[in-house]
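Using the hints, build the complex out of the two chains.
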Amino acid sequence: MIDGTTPLIDLAALVCYACALAGIEIVLSGDACVSIYTQNKYESFDLDFVLLSNPDRKRIGRILEPLGFVKDGRHFRHPENSYIVEFLQPPLSVGQEPVREIREIRRGKMVLRLLSPTDCVKDRLAAFYHWDDRPSLHQAVLVCGDAKVDLREVRRWSLHEGMAEKYEHFKEALRQAAAKSGKKS
Amino acid sequence: MLEPLFESEAKEKALLYLYTHGESYPREIARALGMFVNTVQYQLLKLEAGGVLYSKLKGRVRLFGFNPRYPFKKELETLLAKALSFVPAEDLDRFYRPRLRPRRTGKPLS
Numbered sequence: 001m002i003d004g005t006t007p008l009i010d011l012a013a014l015v016c017y018a019c020a021l022a023g024i025e026i027v028l029s030g031d032a033c034v035s036i037y038t039q040n041k042y043e044s045f046d047l048d049f050v051l052l053s054n055p056d057r058k059r060i061g062r063i064l065e066p067l068g069f070v071k072d073g074r075h076f077r078h079p080e081n082s083y084i085v086e087f088l089q090p091p092l093s094v095g096q097e098p099v100r101e102i103r104e105i106r107r108g109k110m111v112l113r114l115l116s117p118t119d120c121v122k123d124r125l126a127a128f129y130h131w132d133d134r135p136s137l138h139q140a141v142l143v144c145g146d147a148k149v150d151l152r153e154v155r156r157w158s159l160h161e162g163m164a165e166k167y168e169h170f171k172e173a174l175r176q177a178a179a180k181s182g183k184k185s
Numbered sequence: 001m002l003e004p005l006f007e008s009e010a011k012e013k014a015l016l017y018l019y020t021h022g023e024s025y026p027r028e029i030a031r032a033l034g035m036f037v038n039t040v041q042y043q044l045l046k047l048e049a050g051g052v053l054y055s056k057l058k059g060r061v062r063l064f065g066f067n068p069r070y071p072f073k074k075e076l077e078t079l080l081a082k083a084l085s086f087v088p089a090e091d092l093d094r095f096y097r098p099r100l101r102p103r104r105t106g107k108p109l110s
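Protein chains in written order, with our numbering: chain A, 1 to 185; chain B, 1 to 110.
One or more hints might be untrue.
The calculated DSBU-like cross-link candidates involving lysine-lysine, where the alpha carbons are at most 35 Å apart (straight line), are [said to hold, decoys possible]: (1) A/Lys41 to B/Lys82; (2) A/Lys180 to A/Lys166; (3) A/Lys166 to B/Lys46; (4) B/Lys46 to B/Lys82; (5) A/Lys166 to A/Lys41; (6) B/Lys58 to A/Lys171; (7) A/Lys71 to A/Lys58; (8) A/Lys180 to A/Lys41; (9) A/Lys58 to A/Lys109; (10) A/Lys180 to A/Lys148; (11) B/Lys82 to A/Lys171; (12) A/Lys58 to B/Lys73; (13) B/Lys56 to A/Lys166; (14) B/Lys46 to B/Lys107; (15) A/Lys58 to B/Lys58; (16) B/Lys73 to A/Lys71; (17) A/Lys58 to B/Lys74; (18) A/Lys180 to A/Lys58; (19) A/Lys166 to B/Lys107; (20) A/Lys171 to A/Lys148; (21) B/Lys82 to B/Lys58; (22) B/Lys74 to A/Lys180; (23) A/Lys166 to B/Lys82.
It is worth saying that the hints were derived from the structure and are not from the lab.
With the rest of the complex left out, here is chain B (with noise of 0.2 Å):
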């Protein structure tokens, strides 16, 4: 949908998928979108370099999250929701509805 803006699929994907999770990591990313880890990385890497995200260490990982500094953040996210609104009910299930509440240790997923 965005294709022709962001010029990759793989940043299209990145940005929905941190959009609608919040904050996320590269390896999450690629495995949930069943994209390569490297290409995640690179697209992720030079949206920070742009600051369109920021990125921080928890522990060993990179974190990466929409950068509120960022001064088209808020037009960048009415652009993505919009485009949320475009993809298929199925998709949207699998990669783009994450359940955000906690889950006590031990307890089975439903």
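This is chain A alone, in the form it adopts within the complex (with noise of 0.2 Å):
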């Protein structure tokens, strides 16, 4: 059951779940999946989903509120912890692409889906590249310490969104983490 204490990932994999029990597909986004990837160095408390249907809204509540959630305007809350559970509208994309390829995480008899290591990084620096997000950069720099990411395909995106300047200013950020950490770019 879920309390005060149940880790940010074995939430999303209860909600990832259940919703799956009842044929809604989701996917976890966001800077929850920096969390997961960076095993808490940025610690996130949203948790948004993007669904992959559209299913109606009043059903996902049916399936949230038997684990105890509670709708909070778009959002959900569960009284034992502060996490915001939220679904986001399809479609599944990073920019202006869409996500090829979907990660799984198994907790116990649990699947998490959520997005690949590269596809965050991506997710972040969207919100780097588009809103000047300067914490974006930073998470994204995070992902690419911890997790395995493709960083040739960061680039090729980087590049399609127009984006070729700003992704100078990621890999000098990634190169000055690199130094800091005395680890090799």
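Written out as structure tokens, the structure reads:
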């Protein structure tokens, strides 16, 4: 059962599993994926799930309420912890491109479906590229330090987004992070 | 024009307004287009929930604009640009050709 000590990854897996049982496919995106790939070096309290179809919103409520979640506007909250669960409209995309690969993490009998580390980095960079959001740049760098990220693919995507200049900022941030940690970038 | 697609005249007009003005808030759009604020707000919130628009607070005003991360943004803008070319010249001037350059405080509008 969910309580104040339930880790984000287990909560996310439980929501994903409950929805899958009801035939609703969802994928975790946003900064919760950063938390997972960095083993909580960055702590997120937002569980943003992208719906792969357009189910009736009331159905989602009927799935989450037995787990103890309470609807709060567009979101769901659990009285025992600070996480906010939100369901975003399809399509599952990073910037202008659809997401092709969905990663799965097993937690007991539950399966959490989420963005791959490479798409997670693109997702964070999209926030940096389009909103100049520095924390998102930092999160992208953190994921690169802790998970296997295809940087050639990130570069290709960045150029496709028309963000060649900002991609250089990202590369520089990666270099600085590597120099600090003594790793080769 | 795009009403068969968007299923709402208010939605079409609000999108055209945001396309030509960049960012705006429900009251300004409603006033400019002669619509009810609630009608505009409802459409903007629906578009935001669908990821088409973003919103952010600036002071006490919630501004809306096109979400740069919406995967069909370019295509939607192309569609709106084409729709604008069908708008009568008089309406274009009235609603969709904003003065965007700054004007010093106190200087009257000519």
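Right, here's what the structure says about each hint:
{"no.": "1", "hint": "A/Lys41 to B/Lys82", "result": "47 Å, violated"}
{"no.": "2", "hint": "A/Lys180 to A/Lys166", "result": "21 Å, holds"}
{"no.": "3", "hint": "A/Lys166 to B/Lys46", "result": "31 Å, holds"}
{"no.": "4", "hint": "B/Lys46 to B/Lys82", "result": "23 Å, holds"}
{"no.": "5", "hint": "A/Lys166 to A/Lys41", "result": "24 Å, holds"}
{"no.": "6", "hint": "B/Lys58 to A/Lys171", "result": "32 Å, holds"}
{"no.": "7", "hint": "A/Lys71 to A/Lys58", "result": "10 Å, holds"}
{"no.": "8", "hint": "A/Lys180 to A/Lys41", "result": "16 Å, holds"}
{"no.": "9", "hint": "A/Lys58 to A/Lys109", "result": "26 Å, holds"}
{"no.": "10", "hint": "A/Lys180 to A/Lys148", "result": "19 Å, holds"}
{"no.": "11", "hint": "B/Lys82 to A/Lys171", "result": "38 Å, violated"}
{"no.": "12", "hint": "A/Lys58 to B/Lys73", "result": "28 Å, holds"}
{"no.": "13", "hint": "B/Lys56 to A/Lys166", "result": "23 Å, holds"}
{"no.": "14", "hint": "B/Lys46 to B/Lys107", "result": "38 Å, violated"}
{"no.": "15", "hint": "A/Lys58 to B/Lys58", "result": "32 Å, holds"}
{"no.": "16", "hint": "B/Lys73 to A/Lys71", "result": "30 Å, holds"}
{"no.": "17", "hint": "A/Lys58 to B/Lys74", "result": "32 Å, holds"}
{"no.": "18", "hint": "A/Lys180 to A/Lys58", "result": "49 Å, violated"}
{"no.": "19", "hint": "A/Lys166 to B/Lys107", "result": "39 Å, violated"}
{"no.": "20", "hint": "A/Lys171 to A/Lys148", "result": "16 Å, holds"}
{"no.": "21", "hint": "B/Lys82 to B/Lys58", "result": "31 Å, holds"}
{"no.": "22", "hint": "B/Lys74 to A/Lys180", "result": "39 Å, violated"}
{"no.": "23", "hint": "A/Lys166 to B/Lys82", "result": "31 Å, holds"}
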